[in-house]
Amino acid sequence: MLKLILWGVANPLEFGAIFASAIAIVRGIYAVITRLVAPYPRLRAVVEGFAALGPDVLRFALQLARAITGRAIPSPALDSRDAELASLRAKLGELEGLRAEVLRLRAVLVAPRPLAVTLGDEVVLGRETIAPPDTIDPERFDRFDPTQTRRSERGSVDLRSLALLACTLGALGSAGVLCMGCPASAQLTRPALGDVDGCEPRTTRCAPNGRPQVCSGSRRWTDADQVCALAVQVAAVCCLTTSPITGAELHACVLADRCIDRDGGL
Amino acid sequence: MTLPGFLLSTAASALFGATHAPESTMPSDPTDFTSDAALADLEDYLCDRFKARVTEKGDSVVMRGVAAAFGVAAMLGANVPTSDEFLTRFATTLGPVVFLPTGLPKGKRRLLLVLHEIGHAVAFWHEPLFMPRAYVQSGEKRADYESGAERGRIEGAFLLFGELPTAEGIHGFMQHGYACDAPDITLAQQLLDIAATATASGVISSPVGLAVRDWRLAKERGQR
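For the protein sequence lines, the chains are F and E, in the order given.
Under the numbering used here, the residues of the first sequence are numbered 144 to 409, in order.
Under the numbering used here, the residues of the second sequence are numbered 559 to 782, in order.
Please note that a few of the clues may not be correct.
A few chain F residues facing chain E, derived, Cβ under 8 Å [unchecked claim]:
1. 309
2. 360
3. 377
4. 393
No lab work stands behind these hints, which were simulated from the structure alone.
C-beta atoms are modelled at their ideal positions from N, C-alpha and C, and glycine is treated no differently.
My request is simple: use the sequences and hints to build the entire structure.
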């Protein structure tokens with residue numbers, strides 16, 4: 144698996160193509176199976192449940208084709224969702240027909256009738272007179288009836304719902320605060336460089352544990368090697384020595400006889 | 559095995575089969591450490607040991623993207639290689655994947671390059687979340703990582719060929735192509751000088767150098 148991941152990182156295009164091809168084949172097989180189990184809803188749900196774990200390459204291709212052509216390309220009915228969509232589209236068509244019929248009937252009913260104009264200024268509308276509503280009883284609205292529910296009134300709130308909402312928000316807030324207090328990974332939080340030591344840049348030394356170090360430009364001691372005593376091949380010590388390469392004097396893990404006398408060695 | 563698993567494993571076997579498979583099951587000459595076949599075996603050993611993969615830049619989309627970014631940065635005056643230089647002259651390591659310049663033949667030059675780059679893979683696995691960010695953010699850390707990787711190359715060259723770097727090699731290290739300031743370059747060169755001095759005394763301490771030593775011992779015992 145590690146090799147596969149490494150190869151995928153190195154060859155993203157090939158990896159993507161192989162992966163997409165494999166999924167497309169599996170999806171094709173799945174389309175056949177889902178038709179076979181179509182008469183058995185539970186079995187079909189199980190099959191589609193497993194299929195939902197993987198990417199749907201065929202559906203992606205279908206939607207891409209629809210986006211490019213701008214046409215409602217019919218789905219190959221891969222699973223029950225397509226059957227449900229087809230059923231819903233049929234019902235939507237029926238509703239559209241009913242709506243058109245309703246609009247037609249309304250237009251017939253509310254069509255303006257010709258005004259009947261009599262002599263003088265009397266104008267009679269071509270419809271029946273509407274009876275005026277009952278007068279409002281002021282006492283009816285001054286009484287408070289605790290048995291009446293107000294859930295349906297806009298702006299009202301149920302006390303239990305309010306309490307539940309407050310508890311939920313409180314729990315979420317507490318969880319957030321606790322998470323903020325959790326120790327994050329040291330790899331993510333520690334700065335790239337350690338504390339400044341204040342050493343003189345370019346100087347070298349043997350640290351107290353016997354490890355050669357160099358002072359960096361930012362005045363930090365930087366480890367230049369392991370603890371010399373831990374070298375298993377030879378009996379090395381950390382001491383001031385002369386580089387056989389550049390001739391510079393520096394601290395390094397070397398054989399004891401290569402130390403410069405004025406520096407002991409650790 | 560599921561069908562997707564079968565397809566993926568088949569594809570993976572076909573793709574990886576030729577990359578790290580041993581060329582022969584017969585034990586090779588125990589005193590041969592420097593032939594092309596031996597160095598190829600060492601490369602496989604290092605890849606297995608440090609969970610790394612060596613490949614060629616070729617037409618890698620990722621590498622072309624990085625090359626384009628380098629080209630833009632070089633045009634803006636940064637001390638980094640141009641796009642062409644990056645693709646044809648430089649080896650690059652992204653995480654555990656080592657990208658070598660295309661067409662680099664097997665042999666000493668390739669192995670020395672791999673020794674350095676595997677050092678970066680080791681640093682990556684040591685701190686996979688911290689190392690990439692620190693390498694990009696800090697010139698001082700970059701100098702530290704580069705000199706650490708170069709130490710693996712120095713120790714490997716010493717163990718295999720009995721060679722140590724020259725003074726010119728140390729003074730020219732990281733001068734170009736790493737976008738580092740002068741103090742950081744000096745730090746890298748000093749670290750390298752200390753490494754070469756220790757190596758001359760027979761001190762091998764980098765993970766890559768120790769792996770080369772182990773491979774050499776295994777070969778001498780006829781285990782490879």
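Outcome of the hint check:
no. : hint : verdict
1   : 309  : violated, 39 Å
2   : 360  : holds, 2 Å
3   : 377  : holds, 4 Å
4   : 393  : holds, 6 Å
Checked against the numbered hints listed earlier, the structure breaks hint 1 alone; every other hint is satisfied.
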